[in-house]
Amino acid sequence: MIRYTLKRFLSLCISLAVASLLIFFVIEIAPGDPASFMLGINAQPDTVAALRAELGLDIPKLERYLAWTQGMLTGDFGMSYTYRTPVSQMVADRLWVSLPLALFALALSTLIALPAGIYAAARRGQTGDVAVMSATQLGVAIPNFWFAMMLVLIFAIKLRWFAGGGFAGWDKGLGAVMWSLTLPAISLALPQAAILARVMRSALLDVMNEDFMRTARAKGLTTTQTLWKHGLRNALIPVLTIIGLQFSFLLAGGIIIEQVFYLPGLGRLVFQAISARDLIVVESVVMLLVFAVIVVNFAVDLAYAAVDPRLRART
Amino acid sequence: MSLLDITNLSLSINGTPILRDVSLSVNTGEIVAVTGESGSGKSLTALATMGLLPKGSQTTGTITLEGQNLLTTSEADLCNIRGNKIGMVFQEPMTALNPVQTIGAQVAETILIHGSMRKSDAMARAADVLTRVGLPQEQFPLSRYPHELSGGQRQRVVIAMAIALRPKLLIADEPTTALDVTTQAQILDLLKDLAHDFDMGLLMITHDLAVVSDMADKIVVMRLGEVLEQGKTRTLLTNMQHDYTKMLFAASGHQVNLPDLPASDVLLRVKNVVRDYTTPRKAVFGSKGVFRALNKVSFDIKRGERLGLVGESGCGKSTLTRAILGLEDVQDGDITLDGAPVFTGRKPNLAVRRKMQVVFQDPFGSFNPRHKVARLITEPFHLLETPPSHEERQRLINQTLTAVGLDPSDANKYIHQFSGGQRQRIAIARALIIQPDLIVFDEAVSALDVSVRAQILDLLADLSAKYNLTYLFISHDLSVVRTITDRVLVMQRGEIVEQGETEQVFTAPNHPYTQELIAAAPVLPDLQHMKG
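Order-wise, the sequence lines are chains A and B.
Numbers given in the numbering used here equal positions in the first sequence, counted from 1, plus 5.
Numbers given in the numbering used here equal positions in the second sequence, counted from 1, plus 7.
Rather than coming from a laboratory, the hints here were simulated on the basis of the structure.
Keep in mind that the hints are not guaranteed to be accurate.
Part of the chain A face toward chain B, derived, beta carbon under 7 Å [claimed, not checked]:
#1 128
#2 223
#3 225
Backbone N, C-alpha and C define an ideal beta-carbon position, used for all residues, glycine too.
Take these sequences, add in the hints, and give me the full structure.
The following block contains the structure:
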């Protein structure tokens, strides 16, 4: 287990290093000067020169890369060109919206999907299964922005149970924050839940055909006991993989939903930074997202090993 | 009243009749063997007794255990009976255990679900039972996972789960089919001892008549869902009534007439071959280990010779096959066919490879289901520098299919239209079509029923006479190797421990390992001797 963890951790470090190199040098190698790109074609030469100096573009590349990564490690992400505030602070503010939103959505999606998938698998081919599968088909097919707008129409405008958009702010307390994130989380979660439920169902169906499930029945376990005691844990590996992928997606991919609900999240920050050609912010946020994805994958790898003893032994 | 009475059991699944009027009984302490070929319904008879038939099953007749009709018992009551009064052992020990639970937890589960016992007591009981089946706690603590055990050890765990509560009846469905001969002998002994010690009835399902005749008190012969004949082992074997039983017995011990061995030169030479695999590190910063799969293996095959290779799983048979076929390089030594190396530099030597063909074990998995037979068997033509013309190709297809006992019109069929035995004929046709110098048969008859196996062995003998075949026949089945080869190699832990003329090796084995193998292999009883 220690060896497995160390190996996974090493692979995490290497991935991070490679990702940082890629992000940094793609922007460097891309044709055109970052400074003139940021300022647009009508910029004055002296403004460009000033920005070049500010960005440190006259310093050798390698030195700049090292300074950038070092800054990242110590929490100094540089200064946003458009907002003139430290990027770290901007990101931190947005993260306090995006992270709870992603976690909330993930929790919802998992809470809906796993029982639905298990229920469908246990009643394979029966009405309950068909109903769940049809519902997930719909869930996958309906675009989440449309669904989000419907939620706003019904629950915010018509019933007035929730606010139609905006973020309450942490100073109002956890309850208010959750309240303002509920509709966005539901709209993010449902399509993910639909996918996850299908994965759960098919993983469980695969496991139900395994010989050891028959062995369990021969010991005297009922079908339900067999499913819970022997089926579930064996079916978890593909489910964990999908949960890991979904978390990464939810963290950054909520941009449309953030737009619909007018939430100041990471997705909107990236969108605004790209529109404003603020490369410093883009670079930092992209790196942060890559970091999140890699760390989540690391966590999923460890979860695999916790679930399956065979992985602990293998290297 | 017997312990188990199956009376006029008929079964249909989704309307298809599977079993017809099956009747048999098992007494306390008695070993009853149900035997027959695939499709005879022997496994479904066992599953019906367990109440574990697939969905869509309909049954008539009765199955009574100590007077209680299991077919009319509710599912909840059946759950109380399974594992408690009836235990069951399955064929595939590799997959019969839950991979993510410890063996202790799995054995204790049987105890826990049937009794109000504390978990620690159940674990202690599990330890006792595991020790009883030959897995002492010092070597096999409860915390072991199934993947840390060998096939034979896993089967012992499955048996422990089945007998943990000392059931009255133990059902074993092909319990040793997936195991090596020496392991098979141990598991059979264990089952026999357990049945005796616990005074259990043992219903044993097996296709292997040699196993049956060795241990069963009673034999039930089934075919196509019907019981053809049954009786006390000795009476039944000495006085077989049904033609099918006679055929089954004859096919199990089938002998072929191999043509005489022609005097000739060496075709394949394997000399001091060494193949190492690296194994994972044991400690975090330890160095990688080395596993020597082949250790200085040397032998020759002469042109026209039929050479056998026997040994248990993990002894290096497959590694040797891959090395001979030039599928992977070896660390040391030479393998040459007609003087040319099978592997040159870093890649296989195609000029040599086209002179060799292989027939694999699984007649179901080794064909592409989307291709017709004509395309499947002409695949080796890709190896040739100048593939035959259209007419020549057609002629070869016809000729080869006829040679293996199929019809030329079969060339336009797909593989799913054939039975297992026919598929193996197609596999042989595929190997034969470019008239290779050497054919490797890798467990080529192991997955076949005995009657089909006998036909395929006859076919090989015929083809040997007709085409002067040279082959390497790899098998774990000693009786097959004995009849189909001239010379035999015995392999153990990557080394050839004995080689010689087949009859010589089998009648007077020199090496202790060969002796052990031969002693462990179940043999058909000598009927003349039995009668006398």
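Hints, verified against the model:
{"no.": "1", "hint": "128", "result": "violated, 12 Å"}
{"no.": "2", "hint": "223", "result": "holds, 4 Å"}
{"no.": "3", "hint": "225", "result": "holds, 3 Å"}
Violated hints amount to a single one, hint 1; each of the other numbered hints is respected by the structure.
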